[in-house]
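Engineer: The lines below spell out each chain.
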Amino acid sequence: MALMRFVGYFEWLFYSAFFMRYVINAMEQGKSFERIMTFLVITLVVFSLITLYNNYIENSFLPAQKVRISDKLSRMLIAKNRNVDISCFEDSDFYDKYTLATENADVRLCDTVNEIWGIVCGAISAVFAFVYMFEIDKMIGLFVLFPIVGNFFFGSLLSKIEFNRNKDMAIHNRRILYINRVMYMKEYSKELRLTKVFSMIKTHYDEAIQGISDVTGKYSFKGSILHWLKCMFTFCIIFEGSFLYGAYRALVSKTMPLSVLAVVTSMMVASSWILIYFADAIANSLKFGLFVDNLRGFLEHEPSIAEDYDGIDPGDTIEKIEFRNVSFSYKDKEIIHDMSLEIIGGKTYALVGHNGAGKSTIIKLLMRFYDPTSGAIYLNGRDIKEYNLQKYRRLFATAFQEQQIFAMSVKDNVLMRKTTNEDDGVVIEALKLAGVYDKVQTLKNGIDTMLTKEFDNDGAVLSGGEFQKIVVARAFVMDSPAKIFDEPSSALDPISENQLFENIMNNGKGKTMLFISHRLSSVQNADWVFMLENGRVIEEGTHKMLLDQNGVYADMYEKQAVNYLAVSENELRGRRELV
Amino acid sequence: MKETMSNHWFLWKLCFKATPKYMGFVIYDAIRYQLLVFIEHTLLIRYVLYCAEYHEPFYKAAIAVGLVFLAYVIAFGIDGYFRHKLELREKPKLYKALKEKLYNKAASIDLECYDNPDYYNDLVLSVAESDNTINRFLDLITLAIKSIMIFLTTGIFYILVDAVGLVFIFISFIASIFISKLLNKINFEVRNAINPLEKKKNYVNRTFYLKDYAKELRLHGEVGDILENDLYESNKEIVEIQKKAGGKRTLLSFIKDFVFSSFILDGLYVAYLIFKAVVLHAIDYSSAVVLFNRTGEMRRGMRDLSSVIPKANENSMYITKIRDFINYEPKIVSLSDKKIEESIGEISLEDVSFAYSENVPNTLNNITLKVKPGEKIAIVGYNGAGKTTLVKLLMRLYDPVSGTIKYAGQDIREYDIDEYRKNIGVIFQDFQIYGAMLSENVVMDDIDESDKVMREGVTNALIHSGFGDRLASFERGLDTPLTTEFDKEGINLSGGEGQKVAIARSFYKNAKVLIMDEPSSALDPIAEYSLNKAMEEMSVGKTVFYISHRLSTTRDADRIIMLEKGRIIEQGSHDELIALGGKYNEMWEAQAGKYYA
Chain E
1 MALMRFVGYF EWLFYSAFFM RYVINAMEQG KSFERIMTFL VITLVVFSLI TLYNNYIENS
61 FLPAQKVRIS DKLSRMLIAK NRNVDISCFE DSDFYDKYTL ATENADVRLC DTVNEIWGIV
121 CGAISAVFAF VYMFEIDKMI GLFVLFPIVG NFFFGSLLSK IEFNRNKDMA IHNRRILYIN
181 RVMYMKEYSK ELRLTKVFSM IKTHYDEAIQ GISDVTGKYS FKGSILHWLK CMFTFCIIFE
241 GSFLYGAYRA LVSKTMPLSV LAVVTSMMVA SSWILIYFAD AIANSLKFGL FVDNLRGFLE
301 HEPSIAEDYD GIDPGDTIEK IEFRNVSFSY KDKEIIHDMS LEIIGGKTYA LVGHNGAGKS
361 TIIKLLMRFY DPTSGAIYLN GRDIKEYNLQ KYRRLFATAF QEQQIFAMSV KDNVLMRKTT
421 NEDDGVVIEA LKLAGVYDKV QTLKNGIDTM LTKEFDNDGA VLSGGEFQKI VVARAFVMDS
481 PAKIFDEPSS ALDPISENQL FENIMNNGKG KTMLFISHRL SSVQNADWVF MLENGRVIEE
541 GTHKMLLDQN GVYADMYEKQ AVNYLAVSEN ELRGRRELV
Chain Z
1 MKETMSNHWF LWKLCFKATP KYMGFVIYDA IRYQLLVFIE HTLLIRYVLY CAEYHEPFYK
61 AAIAVGLVFL AYVIAFGIDG YFRHKLELRE KPKLYKALKE KLYNKAASID LECYDNPDYY
121 NDLVLSVAES DNTINRFLDL ITLAIKSIMI FLTTGIFYIL VDAVGLVFIF ISFIASIFIS
181 KLLNKINFEV RNAINPLEKK KNYVNRTFYL KDYAKELRLH GEVGDILEND LYESNKEIVE
241 IQKKAGGKRT LLSFIKDFVF SSFILDGLYV AYLIFKAVVL HAIDYSSAVV LFNRTGEMRR
301 GMRDLSSVIP KANENSMYIT KIRDFINYEP KIVSLSDKKI EESIGEISLE DVSFAYSENV
361 PNTLNNITLK VKPGEKIAIV GYNGAGKTTL VKLLMRLYDP VSGTIKYAGQ DIREYDIDEY
421 RKNIGVIFQD FQIYGAMLSE NVVMDDIDES DKVMREGVTN ALIHSGFGDR LASFERGLDT
481 PLTTEFDKEG INLSGGEGQK VAIARSFYKN AKVLIMDEPS SALDPIAEYS LNKAMEEMSV
541 GKTVFYISHR LSTTRDADRI IMLEKGRIIE QGSHDELIAL GGKYNEMWEA QAGKYYA
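So the protein sequences, as listed, match chains E and Z. Following the working numbering from start to finish, the first sequence increments by one per residue and tops out at 579. Following the working numbering from start to finish, the second sequence increments by one per residue and tops out at 597.
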């Protein structure tokens with residue numbers, strides 16, 4: 001690749017300098033036509049070989065090589081990606097850097113290499129052009145300095161202006177992009193029709209355009225002047241200046257032969273373009289430098305929870321899980337405060353509380369997506385950090401709220417591993433328990449139907465509730481000692497919801513169960529309830545104990561129950577006391 | 001061809017109307033560039049060499065050089081103004097001219113277009129390609145003018161000095177085009193073979209770098225292995241495909257780059273020039289140098305000109321899509337411009353049926369329903385029973401396939417559609433908060449920030465919806481920017497808070513008919529409770545339609561409509577339906593039963 005670049009510059013310089021000089025010299029000196037032709041034929045043969053080599057590199061070698069580079073890079077990036085802890089994805093600084101680094105990383109890596117060679121070859125050619133011109137005539141050589149000043153001095157001043165201008169314009173451009181998004185995304189379509197929000201958007205659009213215009217005005221005078229200077233130095237002074245100087249030498253002092261004058265004219269064009277590309281290559285390399293920095297930063301990042309951590313085998317029974325004085329801060333804000341709780345194997349636990357009370361965080365800590373900031377979590381008396389992470393996680397079957405469906409078959413999506421026909425039975429059973437098997441049966445290929453239209457135009461697109469049920473089926477299918485359900489029923493109608501909870505309870509017999517639900521009616525069957533508020537367990541006990549306690553849980557329960565019971569809150573209390 | 005012309009003419013008119021100055025400049029710039037290049041690199045060089053060859057006086061050469069220099073002094077000055085002022089200022093206007101047409105259409109087309117994937121893809125593509133289409137159009141203008149200019153300048157120069165040169169260039173050009181066609185065919189085949197593999201690769205890469213999938217990949221490691229394996233297999237296949245095509249491509253490129261290019265122009269043509277100069281003495285050295293130097297330029301002119309038409313055709317495809325979109329006639333329009341009366345009217349559905357498209361079963365079947373002014377209607381039923389569809393018909397987001405919906409005795413299609421919708425307040429679960437000020441998010445219209453009446457109205461609406469305390473905590477009050485989209489100090493509301501702002505919209509609008517579609521399903525019990533209180537307050541004296549899965553929130557309705565498979569199967573008050581002992585009763589028991597414990 002490097003050689004190719006180099007040959008490209010060589011060919012250019014050769015033709016505009018050496019070749020032309022030789023031919024015109026020969027003509028002037030009256031050498032025979034045959035001799036000139038011999039030179040021409042040799043040149044052609046040499047260049048045919050060079051072109052052949054270039055074509056081979058460009059058409060055979062590089063296309064395959066680029067894929068190999070991309071493959072290697074993917075392996076490194078994905079391995080890293082799978083090993084970093086999940087908090088990296090939520091740290092927007094890290095994540096931005098990471099996306100910057102990995103987006104089209106393969107293409108950009110090749111470009112970077114290319115650009116580096118561009119700089120090297122550009123520098124060599126520029127030096128060569130300079131030396132060659134200098135050798136022809138010392139004064140002419142000096143003309144090459146002008147494009148250098150134009151490109152590097154004025155060019156850098158100009159890019160500074162452009163940088164500042166883009167920075168000032170960014171907010172307006174962002175607004176235009178945002179408006180664009182609002183105008184075509186489905187989520188906004190209803191409100192665009194039902195309200196007048198469209199006229200507000202139009203006003204914002206006009207304001208953004210006005211803003212761009214204002215920013216432009218701020219930089220336009222300085223920019224225009226610098227642009228003029230850059231162009232004059234890069235093109236005019238060197239071209240017209242060298243013509244004038246050459247004409248002077250040829251006509252007045254009569255010290256320059258025609259051949260050299262011809263070479264000078266075409267060399268000037270070639271060398272100023274070489275310098276322009278050289279300057280561009282340097283400017284680009286700064287951009288690529290940032291990219292390489294980000295890439296390295298990501299690859300060298302040391303995860304605090306390494307996914308491949310190899311520790312003690314946790315076995316396959318859960319006797320006791322304990323949170324001992326666990327605190328957890330996320331983005332400098334403590335969201336779990338000094339929490340201690342105990343979960344006994346084989347029992348059913350419910351976590352309740354407001355949105356944002358810390359319910360899901362507890363589960364994330366338990367799954368070791370994060371580690372506590374202080375305190376520790378113990379499984380069977382041992383800090384969970386000591387266990388082999390993969391094996392530890394396999395103790396839990398989990399159904400989270402915002403889980404994703406993959407572009408794979410229904411069966412693969414439930415089992416989440418390589419599947420065989422022997423798995424059909426368990427998959428169907430799990431789908432039945434999740435209450436979605438009837439729907440799956442109506443699909444073209446039953447449980448082998450592809451989900452999403454990503455690769456298959458016949459792929460099935462299910463409703464939000466149906467996707468949720470498939471996610472829940474993942475938890476049913478796993479034969480693990482503990483099961484965790486985080487709001488499994490939020491998108492379901494009452495009958496399906498009721499059925500689902502019954503199935504969860506039956507399926508979970510003898511297993512350790514932990515679930516989060518807003519429907520307090522489903523919580524009653526739990527052996528133990530933790531009521532959370534602001535990252536603390538404020539009440540715990542059985543459903544009945546908590547009602548008797550008459551605290552926050554009881555209040556919450558009553559608010560939900562009051563309408564169902566069609567009795568006043570006082571009556572409700574009375575009734576409960578009777579029971 | 002005709003379509004290509006008419007499409008670009010359409011774009012030209014649009015652009016020229018938006019900014020005549022800029023469009024004029026684009027044309028000037030292309031002509032100026034090519035003209036000066038010709039004068040400098042062909043005429044000037046030749047003249048200076050000519051002066052040297054025939055020993056003309058120095059001042060002649062000096063004047064020629066000076067004139068060109070002066071031309072550049074002026075041209076670069078104008079250039080600076082163009083790039084650093086005019087272009088930056090006018091281009092957004094150009095984009096806007098087309099975008100505005102698209103946006104206006106997007107805001108008025110029928111909602112059903114969003115359900116139709118073909119149509120929706122057209123919308124997304126039109127919007128996404130709108131700026132690019134204009135850029136391509138501008139490039140096309142520049143390219144066409146520049147290449148025509150090359151013919152008018154360098155081309156004529158060749159004819160005058162040595163027309164034979166054109167033959168060499170032309171042969172080289174035609175032969176290269178022929179080879180390029182073959183090459184393109186191979187590349188096209190390669191691309192076709194690679195595309196599905198690239199799609200797979202992209203998908204795998206996406207699952208790894210999007211945070212949405214991070215949890216699954218950690219909980220189910222084996223899925224990651226499957227995906228990774230897919231990626232590596234795809235890479236292997238691509239390498240094979242590239243390898244297979246490599247030999248042929250190398251050979252063809254060599255023929256194109258060497259045999260039909262270097263060999264003809266740097267070999268044969270140079271030999272011809274030297275022969276003419278040395279043996280025949282039929283041409284002067286200065287002309288020979290310039291002719292040789294300009295072969296590349298001439299060839300580029302031919303190549304560019306021949307690429308204008310395919311490029312125009314490609315751009316035309318996008319313009320056609322955009323124009324089709326702009327020309328789409330929405331079906332849901334006001335049949336006449338009847339105004340809505342001040343008092344609340346009765347709503348009646350007469351034998352209404354509806355299907356989302358022709359080949360799917362009806363979502364609603366023969367619904368007949370009369371709703372008295374001020375009546376509170378609850379709509380309940382399983383997922384997919386048609387509840388949301390029913391209210392969407394009431395809002396005229398869709399029109400029934402058969403049957404009519406009347407408001408105050410008048411078919412709702414007869415009303416001015418904006419007027420009619422103004423009459424309805426809607427609260428969804430999937431409301432949106434906009435990157436704008438809090439007041440704008442409530443008014444949902446263009447506002448004058450200093451309008452006192454508006455400010456008071458918005459404040460009241462927010463207090464009524466239960467957002468008062470939060471509002472009081474904002475330093476900038478109603479002017480607080482929402483979302484961090486544009487303002488680092490912007491406020492991101494929680495789900496419950498956002499819902500309150502959405503409710504405030506209906507308070508502010510003071511609509512006579514309220515439609516609430518599961519507004520509370522994402523909220524925790526306490527937030528749900530306070531939301532219900534707010535909605536209760538708002539409902540006073542209004543006709544209300546309320547959809548909910550939580551039967552506890554619907555039991556106080558005047559009438560409960562139980563839907564199943566698009567039909568009304570039961571209706572009546574809560575007590576009546578319980579006494580009936582049908583489906584509603586069953587559903588109620590399922591939910592409420594546990595609370596009796």
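Watch out, some of these pointers could steer you wrong.
As the list claims (entries may be wrong) - In silico lysine to any residue, SDA-like type, Cα no more than 25 angstroms apart, as pairs:
id, chain 1, residue 1, chain 2, residue 2
1, E, LYS202, Z, ASN359
2, E, LYS196, Z, LYS146
3, E, LYS218, Z, VAL124
4, E, LYS202, Z, THR484
5, E, LYS186, Z, GLU342
6, Z, LYS146, Z, ASP304
7, E, LYS453, Z, LYS146
8, E, LYS453, Z, VAL124
Rather than coming from a laboratory, the hints here were simulated on the basis of the structure.
Engineer: Of the hints stated earlier, which fail here?
Structural biologist: The structure conflicts with hints 1, 2, 3, 5, 7, although it agrees with all the remaining ones.
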